[in-house]
Amino acid sequence: QQQVKQSPQSLIVQKGGISIINCAYENTAFDYFPWYQQFPGKGPALLIAIRPDVSEKKEGRFTISFNKSAKQFSLHIMDSQPGDSATYFCAASGEEYGNKLVFGAGTILRVKS
Amino acid sequence: DVKVTQSSRYLVKRTGEKVFLECVQDMDHENMFWYRQDPGLGLRLIYFSYDVKMKEKGDIPEGYSVSREKKERFSLILESASTNQTSMYLCASSSPDFYNSPLHFGNGTRLTVT
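In order, the protein sequence lines correspond to chains Z and R.
Counting in our numbering, the first sequence runs without a single skipped number right up to 113 at its last residue.
Counting in our numbering, the second sequence runs without a single skipped number right up to 114 at its last residue.
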């Protein structure tokens, strides 16, 4: 049972374009939604995270949009660069889950120069 | 910077062998985790530990066990390796301040069981 559904599986974007990755969750007890970025040969690293008390969080070119009623959240990468080419994982958790994150299946992003 | 070090980058083992994957972190983190990464399945939690000698099962613990004798070290054990355990294994650590402390991952061990 996949608690966090992520799409698309892969994405190709032209340099300068906008990359959009979507995630949906079922459990309304989730209250922490991070995105992790993984480069080839490396472990994932936290990119940006949001709590449900806000609908949007922006850090540089990266923005999380959060829709609590729809139980969806998305990552937008503005002005995508070849250096953004990586695998992106959304995740979710909440207090009842302790310190455990439930991850989505991942999106392989390739930014063409 | 937090450093999580996994002892092997690549490992090839035979079916039925006992396999040890070692992980060490240098930030005095209470929490440590073992994940398995497979294409199309994301990261799935195998086991985690909140403290020395404490362990809890994650989502896919079957065929695995863990050991945490020291705070900085968390070992994953495959009692009898099988081909369906061929995968990338990722260790992570974090502090108990869940909302403000991200998971810090090692670079992974790619295990092949033949």
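Just so you know, the hints here were simulated from the structure itself, not pulled from any lab data.
Do not rely on the hints blindly, as some may be mistaken.
[As the list claims (entries may be wrong)] Listed below are the simulated DSS-like cross-link pairs for lysine-lysine, each with C-alpha atoms no more than 27 Å apart in a straight line:
1. Z:100 - R:55
2. R:13 - Z:42
3. Z:42 - R:18
4. R:71 - Z:71
5. Z:15 - R:57
6. Z:15 - R:18
7. Z:100 - R:3
8. R:18 - Z:71
9. R:70 - Z:100
10. Z:5 - R:57
11. R:55 - Z:68
12. R:71 - R:3
13. R:57 - Z:42
14. Z:58 - R:57
15. Z:112 - Z:100
16. Z:15 - Z:100
17. Z:100 - R:53
18. R:57 - R:13
[To be verified] Covered stretches of chain Z, going by a simulated chain R footprint (3 or more residues, C-beta under 8 Å):
19. 10-24
20. 58-70
21. 103-109
[As the list claims (entries may be wrong)] Counterexamples of contact, computed for chain R against chain Z with all Cβ distances above 10 Å:
22. 4
23. 70
24. 79
Every value quoted in this text rests on a predicted model; they were computed, and no experiment measured them.
Every residue, glycine too, gets a C-beta built ideally from N, C-alpha and C.
Each hint tested on the structure:
1. Z:100 - R:55: The hint holds at about 13 Å.
2. R:13 - Z:42: holds, 22 Å
3. Z:42 - R:18: Distance ~26 Å between residue 42 (chain Z) and residue 18 (chain R) Cα, so the pair holds.
4. R:71 - Z:71: Not OK: residue 71 (chain R) and residue 71 (chain Z) at ~37 Å, beyond 27 Å, violated.
5. Z:15 - R:57: The given pair, whose Cα atoms are some 43 Å apart, is violated under the 27 Å limit.
6. Z:15 - R:18: Status violated; Cα separation ~47 Å.
7. Z:100 - R:3: The given pair, whose Cα atoms are some 20 Å apart, holds under the 27 Å limit.
8. R:18 - Z:71: Given pair residue 18 (chain R), residue 71 (chain Z) is violated - Cα atoms ~42 Å apart, limit 27 Å.
9. R:70 - Z:100: At roughly 21 Å apart (the allowed maximum being 27 Å), residue 100 (chain Z) and residue 70 (chain R) satisfy the hint.
10. Z:5 - R:57: Holds, because 22 Å separates the two Cα atoms, which is no more than 27 Å.
11. R:55 - Z:68: violated, 33 Å
12. R:71 - R:3: holds, 14 Å
13. R:57 - Z:42: The given pair, whose Cα atoms are some 25 Å apart, holds under the 27 Å limit.
14. Z:58 - R:57: Given pair residue 58 (chain Z), residue 57 (chain R) is violated - Cα atoms ~35 Å apart, limit 27 Å.
15. Z:112 - Z:100: violated, 35 Å
16. Z:15 - Z:100: violated, 35 Å
17. Z:100 - R:53: holds, 18 Å
18. R:57 - R:13: Since the Cα atoms of residue 57 (chain R) and residue 13 (chain R) sit roughly 24 Å apart, the hinted pair holds (cutoff 27 Å).
19. 10-24: violated (count 0)
20. 58-70: violated (count 0)
21. 103-109: Since 4 is at least three, the answer is holds.
22. 4: Violated: least Cβ distance 7 Å, not greater than 10 Å.
23. 70: Given a closest Cβ separation of 19 Å, the condition holds.
24. 79: At about 23 Å from chain Z, residue 79 (chain R) clears the 10 Å cut-off, so the statement holds.
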